[in-house]
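A.B. asks: What follows is each chain in one-letter form.
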Amino acid sequence: MSDSDIIQGLEKDLGGKALELANPDRRRVFLKVAPADLLAVVTLLRDRYDCAYLATISGVDKGETLEVVYHFASRAANINVRTEVAKASPHVGTICPVIPGAILYERELQDMFGLVIDGLPDPRPLVTPDDWPAGSFPLRKDWKYERPEERIPGGKS
Amino acid sequence: MAALRTLLYILVYPGILFLFLYSTFCEWFDRKAYARLQNRMGPTHTGRFGLLQPIADFVKLMSKEDVVPNAADRGMFNVLPLVGLAVVSTAALLLPIWNFDLAAPSVTSFSGDIIVLLYLLSLPTLVMFLAAWSSTNLFSTVGGTRVLTMLFGYEVPLFLSVLSPAILANSWRLAEIAAFYQKKPLLILPNLIGFGVAVIAVQAKLERTPFDIPHAETEIVGGTLTEYSGKKLALFRLMLDIEVVVSSALLATVFLAGFPGGGLLGFVQLVLKTLFVIFLLSLIRALTSRIRIDQVVSFAWKVLAPLAVLQLLIVILLKGFLK
Amino acid sequence: MKFQIPIGPQHPALKEPISLRMTVEGEVIRDADIRLGYNHRGLEKLAEEKTWIQNIYLTERICGICSHSHATCFVQGVEKLMEVVPPKRGLYIRYLVAELERVHSHLLWLGVAGHEAGFDSFFMYTWRDREVVMDLLEMVSGNRVHYAINTLGGVRRDLDAGQKAKILEGVAVLRKRSEYYFRIGASEPSFVARIAGVGRLSKGQAESLCAVGPTARASGITRDVRKDDPCAVYDEMDFEVGTADSGDVLGRVVVRVKELLESYKIIEQIIRKLPEGPIAVRAPRKAKPGEAVSRYEAPRGENMHYIKSNGSEKPERLKVRAPTLANYPATIEMLRNGFIADIPLIFAAIDPCICCAERVVTLVDVRSGEEMAVRLSDLRRRAAGRGPNALPKRNAAWPL
Numbered sequence: 001m002s003d004s005d006i007i008q009g010l011e012k013d014l015g016g017k018a019l020e021l022a023n024p025d026r027r028r029v030f031l032k033v034a035p036a037d038l039l040a041v042v043t044l045l046r047d048r049y050d051c052a053y054l055a056t057i058s059g060v061d062k063g064e065t066l067e068v069v070y071h072f073a074s075r076a077a078n079i080n081v082r083t084e085v086a087k088a089s090p091h092v093g094t095i096c097p098v099i100p101g102a103i104l105y106e107r108e109l110q111d112m113f114g115l116v117i118d119g120l121p122d123p124r125p126l127v128t129p130d131d132w133p134a135g136s137f138p139l140r141k142d143w144k145y146e147r148p149e150e151r152i153p154g155g156k157s
Numbered sequence: 158m159a160a161l162r163t164l165l166y167i168l169v170y171p172g173i174l175f176l177f178l179y180s181t182f183c184e185w186f187d188r189k190a191y192a193r194l195q196n197r198m199g200p201t202h203t204g205r206f207g208l209l210q211p212i213a214d215f216v217k218l219m220s221k222e223d224v225v226p227n228a229a230d231r232g233m234f235n236v237l238p239l240v241g242l243a244v245v246s247t248a249a250l251l252l253p254i255w256n257f258d259l260a261a262p263s264v265t266s267f268s269g270d271i272i273v274l275l276y277l278l279s280l281p282t283l284v285m286f287l288a289a290w291s292s293t294n295l296f297s298t299v300g301g302t303r304v305l306t307m308l309f310g311y312e313v314p315l316f317l318s319v320l321s322p323a324i325l326a327n328s329w330r331l332a333e334i335a336a337f338y339q340k341k342p343l344l345i346l347p348n349l350i351g352f353g354v355a356v357i358a359v360q361a362k363l364e365r366t367p368f369d370i371p372h373a374e375t376e377i378v379g380g381t382l383t384e385y386s387g388k389k390l391a392l393f394r395l396m397l398d399i400e401v402v403v404s405s406a407l408l409a410t411v412f413l414a415g416f417p418g419g420g421l422l423g424f425v426q427l428v429l430k431t432l433f434v435i436f437l438l439s440l441i442r443a444l445t446s447r448i449r450i451d452q453v454v455s456f457a458w459k460v461l462a463p464l465a466v467l468q469l470l471i472v473i474l475l476k477g478f479l480k
Numbered sequence: 481m482k483f484q485i486p487i488g489p490q491h492p493a494l495k496e497p498i499s500l501r502m503t504v505e506g507e508v509i510r511d512a513d514i515r516l517g518y519n520h521r522g523l524e525k526l527a528e529e530k531t532w533i534q535n536i537y538l539t540e541r542i543c544g545i546c547s548h549s550h551a552t553c554f555v556q557g558v559e560k561l562m563e564v565v566p567p568k569r570g571l572y573i574r575y576l577v578a579e580l581e582r583v584h585s586h587l588l589w590l591g592v593a594g595h596e597a598g599f600d601s602f603f604m605y606t607w608r609d610r611e612v613v614m615d616l617l618e619m620v621s622g623n624r625v626h627y628a629i630n631t632l633g634g635v636r637r638d639l640d641a642g643q644k645a646k647i648l649e650g651v652a653v654l655r656k657r658s659e660y661y662f663r664i665g666a667s668e669p670s671f672v673a674r675i676a677g678v679g680r681l682s683k684g685q686a687e688s689l690c691a692v693g694p695t696a697r698a699s700g701i702t703r704d705v706r707k708d709d710p711c712a713v714y715d716e717m718d719f720e721v722g723t724a725d726s727g728d729v730l731g732r733v734v735v736r737v738k739e740l741l742e743s744y745k746i747i748e749q750i751i752r753k754l755p756e757g758p759i760a761v762r763a764p765r766k767a768k769p770g771e772a773v774s775r776y777e778a779p780r781g782e783n784m785h786y787i788k789s790n791g792s793e794k795p796e797r798l799k800v801r802a803p804t805l806a807n808y809p810a811t812i813e814m815l816r817n818g819f820i821a822d823i824p825l826i827f828a829a830i831d832p833c834i835c836c837a838e839r840v841v842t843l844v845d846v847r848s849g850e851e852m853a854v855r856l857s858d859l860r861r862r863a864a865g866r867g868p869n870a871l872p873k874r875n876a877a878w879p880l
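Residue numbers (our numbering), protein chains in the order written: chain A, 1 to 157; chain B, 158 to 480; chain C, 481 to 880.
By construction, these hints were calculated from the structure, which means they are not laboratory data. Quick caveat: nothing in here was measured; it's all calculated off a predicted structure. One or more of the hints may lead you astray.
To be verified - Incomplete in silico selection of chain A near chain C, CB under 8 Å:
1. Arg27
2. Ala55
3. Pro129
Stated by the list, open to error - Far from chain C, some chain A residues (derived; all Cβ distances over 10 Å):
4. Gly9
5. Arg28
6. Asp61
7. Val69
For each residue, glycine too, the CB sits at the ideal point set by N, CA and C.
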């Protein structure tokens, strides 16, 4: 299937659910959907477009909203699905029932961006340590780190 | 005079001093052979050709801090290295090297001493298990259970294969067995299968690759000796080295016709024959990879034990034939 | 009787800190749990504050063994954003270094697999051969690791005729020795007994858990970015994708040795077909706004970078997904119902590059006033008990 075949197929199958559809480069398709349609779209991609392989899930902090991009790869092209949620209520449904390998990526999103993934089979934090303060999400744009002043014990400071 | 000779025997040759120096020399030989087989240098800088390396390691370990974990059983933990060392050194005294009279049995050479020697050589395994158990560390416990599981595998083939030449020589006394094969060297040949089985079983007893499962570094950190450090670890390593020497000397006595020729010639023969056996052990160590514990037991019972029984059968038939 | 064995964060089997908690019953593992986060360095956040050129330096240091793969993946994506097309000669040299790095990484892995299985002689031999590749890489780029040969728009160093001849010589020697290892790996009985049937991952499991690289290829899935999503050089080269059907550690050894032999073929083709011309073009300071997804076949699997630009000279978002992270769910599946003795082998079989898999911020809050390095203060705080303001631990039953 070439890129244009994929774009036409997606327009036909998704209809109104596809909010944006772009093909900026050879073998790269970007698709935007609403958070409520996410699971249905992912199931469709897995069944009909040979997208059983999820490369990763990226989060982007866009100020007022958080954008979540799911990167799928089929033999024909890379199909990237994005949704956007408001920072005030950052809830997204999990896609683990369809793609079991997504579990670690979704846990990382929870730690780093403060997204709440509903329905995760294992909602523990992945990369932050046990005594990490709650509410502190490192990859948000407004998170800053102040380096503590270096004190050498027993020496000149 | 006899008392002085016995004292010399216990303390100097082949007693503690000789064992210490000779076992470190054998460890150097083993490490050098292993390294050269792997296209590396091995010990090179300490002393000429790196000969002093094992002694340097021993001295370094003796000078390090000795840490005893809080939860460990203090009494056992502290005393076990000395017990192990005592056991293997006593085993060395029973070897027919110097102070024995073929006609008159004495304390160090009597009928049945081959059984005593084998028994004394299986005690270090028990010592290692108790060391692991008294360490109360998770990794040591797993190592300790593995040590005992291996014991179920290799003990029987070892006993059977070592006793076959004894049966052929019609005696249970090491000195007499060695004398028998010195008189009839051709009779060494029917015992070759037993020799092979014994070498493999000894490799398992000494916990060397492919049987170094109890202290597999990449799996259970240190295994049985995880919690030992400093002087205790030095004494344990010395015990393992002396065990290597005693086991290879046992194999040389029983399969390769002992060490005839009295003081000096006997010493030369001792060195040559034990180094030959140790070279075989190093060869096996360099050529194979570690196998799993269940594979050890199944290998021992499916391959080694039948071969040892076969050897026994050959010896019995030969004995009947020779009569 | 079940009890839990902690493997890590410090353990002789692991080259980098990671915590695996195994629930065992006798010698059989019933369950496994992976805890990440010991090796975080805050690279994704740091990348947002550095310019595009500085970020090449940063992405190269994500890992030591697969450094070139991260740098190349990043540079590929940024060149697409900036609409810069590097000259052919530059591309050929870039992927020549990539294949040499693949050879070096696979030889290293063969040695590590041998060491974890207890086969130290194999370990010594393969690492001796690795020296040949490291010398070639030093001759080409000046460094044994962190080659620093990429730049936006091409490469930084050129190859002359003498270097090309030396590379071909080195590859000939290595090819003979790799064929020897193929025979050993497949026929030395104690080694095969150790690794056959260990860490089995069926094809269906590998697909649903999104495994990548040799881990997936050993289960029969032909997934290789060099064939699926080829960039300029790979679709002009003639090579096969190595797969195996057994899905265990032996299959992974076989796949990696097959890849070694294919890499030698590719290197020879690159050297013979190397075109003349410049090695780099000038790239602009700022990238046009947009986003790019860049994929690259690192020695461990598929490396994926997602780069988003907002028209300035610094990236808006850089997301790195290293192959080892993608293989963790598959690893947990492989560890279930295995033996304790197989833990290091199974873990080493996915070729873990743990520092690749963890890059997000973890500079631990030093509220208690400790000024020492992160990990030490973390452990110290745990050992000394909790302070009055400390938050309740989320994993309270952690045995450490």
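A.B. asks: Does each hint hold? Answer for all of them.
C.D. replies: Here's how the hints hold up against the structure:
no.: 1; hint: Arg27; verdict: 6 Å, holds
no.: 2; hint: Ala55; verdict: 5 Å, holds
no.: 3; hint: Pro129; verdict: 6 Å, holds
no.: 4; hint: Gly9; verdict: 19 Å, holds
no.: 5; hint: Arg28; verdict: 6 Å, violated
no.: 6; hint: Asp61; verdict: 8 Å, violated
no.: 7; hint: Val69; verdict: 7 Å, violated
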